[in-house]
Amino acid sequence: MLKDFEINHNRVFQLEEENSKLKISVQELSVLNEIATAISSTLAIKDIVELIVKKCIKHLNVEQCAVMLLDKKNDSSSFNTLIRKADESKVDLPFRLDSQLTGWMILNKCPLIINDLKNDHRFALNYSGESIIKSLISVPLLMKGNLIGILTVFNKKNGRAFTHNEERLLSIIGSQSAHVIENARLFEDEKKLVILQEELERAAEIQKNLLPAKLPVVDGFEFYAVNIPAKEVGGDYYDFININDKKTAFCLGDVCGKGLPAALLMANLQATLRSQILFDMPCSQAVSRSNLLLYQSIDAARFVTLFTGIIDLSSNMLKFCNAGHNYPILISNNGEVNRLKEGGIILGCLPNFPYSEGEIEFKNGDLLFAFTDGITEAMNSKNEEYGEERLIEELLIVKDNSCREIAQKILMSVKTHIKDEPQYDDITLLIIKKY
Amino acid sequence: MKINVVEKYTAAIIELKGDIIGGPHNEEFSNTLRKLISDQKKNIVIDLAETKYMNSSGLGMLISGYTTVKNSGGDLKLANVTKKIESLLVITKLSSIFENYSTVEEAVKSFS
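Respectively, the protein sequence lines represent chains A and B.
Counted from 1, the first sequence has number 419 at position 419 by this note's numbering; the numbering is strictly sequential.
Counted from 1, the second sequence has number 21 at position 21 by this note's numbering; the numbering is strictly sequential.
In isolation and in its complexed conformation, chain A is listed as follows:
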């Protein structure tokens, strides 16, 4: 009888135990389900993190919960996003604990449970007064083994201790959260990229509009120019500036570098040069002053190469100043080749460089071909550059065509040279012909 009672009693005890385990499991599952449902309904990273924090405070019955996310862009600054919520009184996490926890987690990447923080030898906290944080569970947020953040709950309410069941529950929440947070982060990154791409397209449009919309129409001369940036925006620059009825200026430049930084500098160069040219001063003086202005506004590692010319339409004289640019090619009617070198050092390097200018007379049939190194340094798959020799040979063949046709034929010849290789540098041509 007594034995039966004992057996029954044991069974009841076992059943009760099973029952309470089941209860916990059901409770855990419903917590997980609730969190999963909540966080899958939003995509904003901040909302997701806030939800996780809120739910953890509620279901784990804690005073505080915090999520710290690793900043991928800057490994040295470790954790950047910190969303923390406190249930009752607002208690601040001591800074040292923050950094010690993250340091520990970066090393160990596993759950951590502490019920007596004050006496925990791993965390040497040295703050005065009563220790505000007594207990904690911290779990890593892992994506493919990489730590992307930390989820931590602080101070079990009613002075109770954290259990290993709670540690396990928080670990599961952590692993689910990691996936959702990473997805949200990728989504946000992509959104940012799309915005950036749109901005770049707008910048490209603005830059295109900076280049002259129309070619000069002048009796006895033909002008043509073309600019093909390697990226959306570029650092090559050409311009035609009508000074007055008798004078037309033109220029062709190459800003060091590529892409947006080069494009910004190119816009600065254009504004500077245009304002100087319009004063109708000698070519070399306009370049000298532009050099000084550029020197004052750009850093030492940046520079510009620029060829500037001013044509006197009444005398057909060209005055030019070559500031470190690839020598333009002048081909006369009889096939004689000259290079326009006179000028000075690249712009933006030495503030008071004495630029000089050269002078030539345009005769009927003369062809002036200015270009950027995107042409001559265009490379094929064997790393062979298109080169100046080839360019001059080709020009001698096509020189009797119109400027536009010459441009097309040269570009075609470069394309034939590089074949399927991508265009690496901006390409710009400026062609003038005297009839």
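Please keep in mind that the hints were generated in silico from the structure rather than gathered at the bench.
Yeah, the Cβ is synthetic: ideal placement off N, Cα and C, and Gly gets one too.
Treat the hints with care, since some could be wrong.
Computed beta-carbon distance windows for the label pairs [what the hints assert, rightly or not]:
no.: 1; chain 1: B; residue 1: 110; chain 2: A; residue 2: 401; range: 33 to 41 Å
no.: 2; chain 1: B; residue 1: 9; chain 2: A; residue 2: 341; range: 36 to 44 Å
no.: 3; chain 1: A; residue 1: 208; chain 2: B; residue 2: 4; range: 39 to 47 Å
no.: 4; chain 1: A; residue 1: 297; chain 2: B; residue 2: 38; range: 26 to 34 Å
no.: 5; chain 1: B; residue 1: 38; chain 2: A; residue 2: 120; range: 40 to 48 Å
no.: 6; chain 1: B; residue 1: 3; chain 2: A; residue 2: 163; range: 56 to 64 Å
no.: 7; chain 1: B; residue 1: 38; chain 2: A; residue 2: 397; range: 52 to 60 Å
no.: 8; chain 1: A; residue 1: 42; chain 2: B; residue 2: 19; range: 26 to 34 Å
no.: 9; chain 1: A; residue 1: 208; chain 2: B; residue 2: 19; range: 43 to 51 Å
Straight-line C-alpha distance at most 30 Å; calculated BS3-like pairs for lysine-lysine [claimed, not checked]:
no.: 10; chain 1: A; residue 1: 231; chain 2: B; residue 2: 17
no.: 11; chain 1: B; residue 1: 70; chain 2: B; residue 2: 83
no.: 12; chain 1: A; residue 1: 157; chain 2: A; residue 2: 54
no.: 13; chain 1: A; residue 1: 214; chain 2: A; residue 2: 23
no.: 14; chain 1: B; residue 1: 84; chain 2: A; residue 2: 341
no.: 15; chain 1: A; residue 1: 363; chain 2: A; residue 2: 419
no.: 16; chain 1: A; residue 1: 382; chain 2: B; residue 2: 17
no.: 17; chain 1: B; residue 1: 84; chain 2: A; residue 2: 399
no.: 18; chain 1: B; residue 1: 84; chain 2: A; residue 2: 409
Assemble chain B onto chain A, guided by the hints.
Frame of chain A, contents of chain B only:
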């Protein structure tokens, strides 16, 4: 690009090996220069014997280095410039500021 510093007599020789394309190397190069300057080693030779290619950013790096050294009261000279880079210096007219020697020894001697 690899940077190696050797000292000879009264000059510091910075050997630049590989392609000089600026970018991430800029900082390493300017740190090297700053260290030499703070150690009062202001006679500097850039040895380009093992540099075949230099783009505009690489050139910018050299110019910025030249400015740094000049501003500290020192001088920066080039040695063993390859033909290709020499023509780049001629076109950009940087040859008017960069003294250029065919050997490191000649460049070092020019300081005395």
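For each hint, the structure was consulted:
| no. | hint | result |
| --- | --- | --- |
| 1 | B:110 <-> A:401: 33 to 41 Å | violated (51 Å) |
| 2 | B:9 <-> A:341: 36 to 44 Å | holds (37 Å) |
| 3 | A:208 <-> B:4: 39 to 47 Å | holds (45 Å) |
| 4 | A:297 <-> B:38: 26 to 34 Å | holds (28 Å) |
| 5 | B:38 <-> A:120: 40 to 48 Å | holds (45 Å) |
| 6 | B:3 <-> A:163: 56 to 64 Å | holds (58 Å) |
| 7 | B:38 <-> A:397: 52 to 60 Å | holds (58 Å) |
| 8 | A:42 <-> B:19: 26 to 34 Å | violated (48 Å) |
| 9 | A:208 <-> B:19: 43 to 51 Å | violated (32 Å) |
| 10 | A:231 <-> B:17 | holds (29 Å) |
| 11 | B:70 <-> B:83 | holds (25 Å) |
| 12 | A:157 <-> A:54 | holds (15 Å) |
| 13 | A:214 <-> A:23 | violated (80 Å) |
| 14 | B:84 <-> A:341 | holds (18 Å) |
| 15 | A:363 <-> A:419 | violated (37 Å) |
| 16 | A:382 <-> B:17 | holds (22 Å) |
| 17 | B:84 <-> A:399 | holds (28 Å) |
| 18 | B:84 <-> A:409 | holds (27 Å) |
Checked against the numbered hints above, the structure violates hints 1, 8, 9, 13, 15; every other hint is satisfied.
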